[in-house]
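Trainee: Letter by letter, the chains look like this.
Protein chains: 2
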Amino acid sequence: MKIITAQAPVNIAVIKYWGKKDENLIIPLNDSISGTLSMEHLCATTSIAFSNEFDSNRMWLNNVEVKIEDNKRLVRCIENVRKLAESTIGWPSDHHIRICSKNNFPTAAGLASSAAGYACLCYALCKLFEINDPKIISSLARLGSGSACRSIYGGIVRWIAGYDHQTSIARQVITENEWPEIRILVCVVNDHRKDTSSTFGMQLSCQTSPLIKYRAEHVVLEHCDQITKAIMERNFEKFAEITMKDSNQFHAICQDTYPPIRYMNDISWSIVNLIHFINNLFGYNVACYTFDAGPNACIYCLDNNVPILIKSIRRMFQKSDGTELAINGITYQTDQINIDQKLSDYIDIRKRMGDDLKYIISTRLGSGPKILSNQYDSNCLLSANGLPKN
Amino acid sequence: MKIITAQAPVNIAVIKYWGKKDENLIIPLNDSISGTLSMEHLCATTSIAFSNEFDSNRMWLNNVEVKIEDNKRLVRCIENVRKLAESTIGWPSDHHIRICSKNNFPTAAGLASSAAGYACLCYALCKLFEINDPKIISSLARLGSGSACRSIYGGIVRWIAGYDHQTSIARQVITENEWPEIRILVCVVNDHRKDTSSTFGMQLSCQTSPLIKYRAEHVVLEHCDQITKAIMERNFEKFAEITMKDSNQFHAICQDTYPPIRYMNDISWSIVNLIHFINNLFGYNVACYTFDAGPNACIYCLDNNVPILIKSIRRMFQKSDGTELAINGITYQTDQINIDQKLSDYIDIRKRMGDDLKYIISTRLGSGPKILSNQYDSNCLLSANGLPKN
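Chains as they are written, first to last, in full-length UniProt numbering: chain A, 1 to 390; chain B, 1 to 390.
Hints are not guaranteed to be accurate.
Claimed, not checked - In silico BS3-like pairs for lysine-lysine, Cα to Cα no more than 25 Å straight-line: (1) Lys20(A) <-> Lys72(A); (2) Lys194(A) <-> Lys342(B); (3) Lys342(B) <-> Lys351(A).
Said to hold, decoys possible - Far from chain A by the CB rule (all over 10 Å, computed), these chain B residues: (4) Val64; (5) Asn177; (6) Pro180; (7) Phe200; (8) Gln207; (9) Pro210; (10) Val219; (11) Glu237; (12) Lys245; (13) Thr257; (14) Arg262; (15) Trp269; (16) Gly329; (17) Ile339; (18) Asn390.
Stated by the list, open to error - Some, not all, of what chain A presents toward chain B, calculated at C-beta under 7 Å: (19) Asp164; (20) Pro210; (21) Lys245; (22) Asn248; (23) His251; (24) Tyr258; (25) Pro259; (26) Arg262; (27) Asp266; (28) His276; (29) Phe277; (30) Leu382; (31) Ala384; (32) Asn385; (33) Pro388.
None of these hints come from the bench; they were simulated from the model. Fair warning: this is a prediction, and the values are worked out from it, not measured in the lab. Ideal Cβ placement from N, Cα and C applies to all residues, glycine included.
Excised from the complex, chain A in its bound form:
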């Protein structure tokens, strides 16, 4: 009988992954780069128990049982670990696993939970079976959900597209401590529309967008090289520029898809325009935005600029009940912050009164996955009988 509980982080890409060269192995068309967010504020937690007392493999996700055999990607991750375990502690056929997983953020937030979820699952499984090579863990996580391979490392991470299962893995660009001033504000949009799933969307883009191949072959590598250089030099100005350009081009590819895919709505665009207005007003890149397959804006900035951004966003997006937009995570004092008259005028004629944002998650870069415990303790999501605690 073995038991392990692990935690893994969310990541937010600054150079976007969109499109696969190999649908089965999840080999992407191009490299991508992301920041790993601190697990203090956003993370997945997974407990896995392994015993000959269990009669079958079972899994629960956010308190709902998931039929493992119905999920091809889940099966593939588990089967790969079973094979790898042959050269470590082994997986006797009379032993089964129980998996219990949850996110500390509402799925309704529209944040990609699959990256943190699969990173956590594969990390915990590998650690359980004493498979410790992060390259192997990263490639396994990729089989679950492409961008999960990046959540295996902290700081800023690059997923090398590669050409097969072994070569398509993430590697760390810098640790979270090497650029400690970086902050991320996730603006969670109040939108009930169901977005096109990224798996389906990127397939459709590959099949129908005349521009996607040009992006993958001619633009993204240049973006990756430029942003890596900017990261190495802690050049936020350039980092921000490339991040915005790459996000915009990813959404351009979505629009070039047929039928067109659209993730950014009027609320998303009002944040885009606000950021460009502020950058223009200040004469340098105070912040940059990036959008994944949904309307939420992720803003990267340096810590000294968080207060003016929060104050501006709160003033732009007012709550109908008169309260201020909630900030979850790292809090800042904004009372002393003065909004420039031009910025104030800009916001006043564009402000939105309709509860367009739910809240802002204010966070920083963080580490890769970690083990919380190796026993049935308060961290563990499973009881000793192999069933979820609640």
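Following the hints, position chain B against chain A.
Mentor: The following block gives chain B in isolation, referenced to the frame of chain A:
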């Protein structure tokens, strides 16, 4: 003393013009194709008087005097005609012109009025000076506003990019009578935002979009060839597909621009999605959308499908005062039209109650510019003293 009054049509591109090879001569990056709309519903009207009794050239546009010398493009059109007139009736230095121009649609409609306006001005000027070659008139109109060169012909028109002033001209693909079933519904969006001007926008795209060159060099010619073939075969299915793809790609280029340019808002996208839903439901392309440098949707369809489209759009976009959305132009009986249950359900959960559309202009393809009169009559916008009538 000579006097002429002419009318010229609006055109709506199905293959988009975006970006210039030569800013000065307005030579576009790529060919473009448009439908010329009937002047019954949308047109520019211009009267030009020519006499030695006038002490200077003067112009009025929609009842406001325009300083000709402040408008480089206007000066260029007039100077070119002056030179061409040397080989026709001549333009003695003691003769001056008076121009009075107006549109029969509100500028607030957000429809590109410059194409009709410059087409009308150049057509009237040329006719006044007995310059009759439509190739010359088309290239002159292009110097005023690129897409104006297409408004010199009726039906469906292709602007050949060319490489210099003489070769960059429009030519007719088919006349309006060769595909009489074509209808155009212009959905005028209620939006007070000031859009990025297309002149500035396309410059910025050329300077910053990594994708625009690929579009211009590799995609647009293919779109032009495919849609020309579809037009020749009266194949609306294919015509609609290419029209939507080209509009989407044009807006993708706008998003790939830095800072990104965005013309389509949530209202525009709700029309995009409605059209795709209807096409999907019916199993063929009932209609297609195309968007210029603004949020208004232009829908191309065949006449038999106008009623279902109008009924669907009216149900989707409700007026807050309970009245039905106004249709200007060709009217249709829609009482007998049944909306399929699936379409009805689709609309009901997405319908917008906020007066998002102002009205719909319902029109067809029409002819090129025409002379209304050669004398001071009721059509003439000028009095005999060379001043506007009102």
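Trainee: Min Cβ distance, Ala384(A) to chain B: is it shorter than 7 Å?
Mentor: Constraint on Ala384(A) not satisfied, violated at 47 Å.
Trainee: Do the alpha carbons of Lys342(B) and Lys351(A) lie within 25 Å of each other, as the hint requires?
Mentor: Since the Cα atoms of Lys342(B) and Lys351(A) sit roughly 36 Å apart, the hinted pair is violated (cutoff 25 Å).
Trainee: A cut-off of 10 Å on Cβ-Cβ distance, and Gln207(B) was said to be off the interface with chain A. Does that hold?
Mentor: holds (13 Å)
Trainee: Identify whether the interface hint at Arg262(A) stands, where standing means a beta carbon of chain B within less than 7 Å of its own.
Mentor: Constraint on Arg262(A) satisfied, holds at 6 Å.
Trainee: Have a go at the Asp164(A) hint: is there a Cβ in chain B nearer than 7 Å to its own Cβ?
Mentor: violated (29 Å)
Trainee: The hint names Tyr258(A) as touching chain B; please verify it with the least Cβ-Cβ distance against 7 Å.
Mentor: holds (5 Å)
Trainee: Beyond 10 Å from every Cβ of chain A: is that where the Cβ of Val219(B) lies?
Mentor: violated (5 Å)
Trainee: Please settle this one: Val64(B) was flagged as non-interface, so is its CB more than 10 Å from every CB on chain A?
Mentor: The assertion about Val64(B) holds, with a minimum of 26 Å to chain A.
Trainee: Hey, does the Asn385(A) contact hint survive, CB to chain B under 7 Å?
Mentor: This hint is violated: Asn385(A) lies away from chain B, its Cβ roughly 44 Å from the closest one there, beyond 7 Å.
Trainee: Can we trust that Lys245(B) is non-interface, i.e. its beta-carbon lies farther than 10 Å from all of chain A?
Mentor: violated (5 Å)
Trainee: May I ask you to test the interface hint for Phe277(A) with respect to chain B, counting a Cβ-Cβ separation under 7 Å as satisfied?
Mentor: Status violated, d = 10 Å.
Trainee: Should the label of Asn177(B) as a non-interface residue stand, given a Cβ cut-off of 10 Å to chain A?
Mentor: Label holds. Min Cβ-Cβ 32 Å, cutoff 10 Å.
When each numbered hint is compared with the structure, violations occur for hints 3, 9, 10, 12, 13, 14, 15, 19, 29, 30, 31, 32 and 33.
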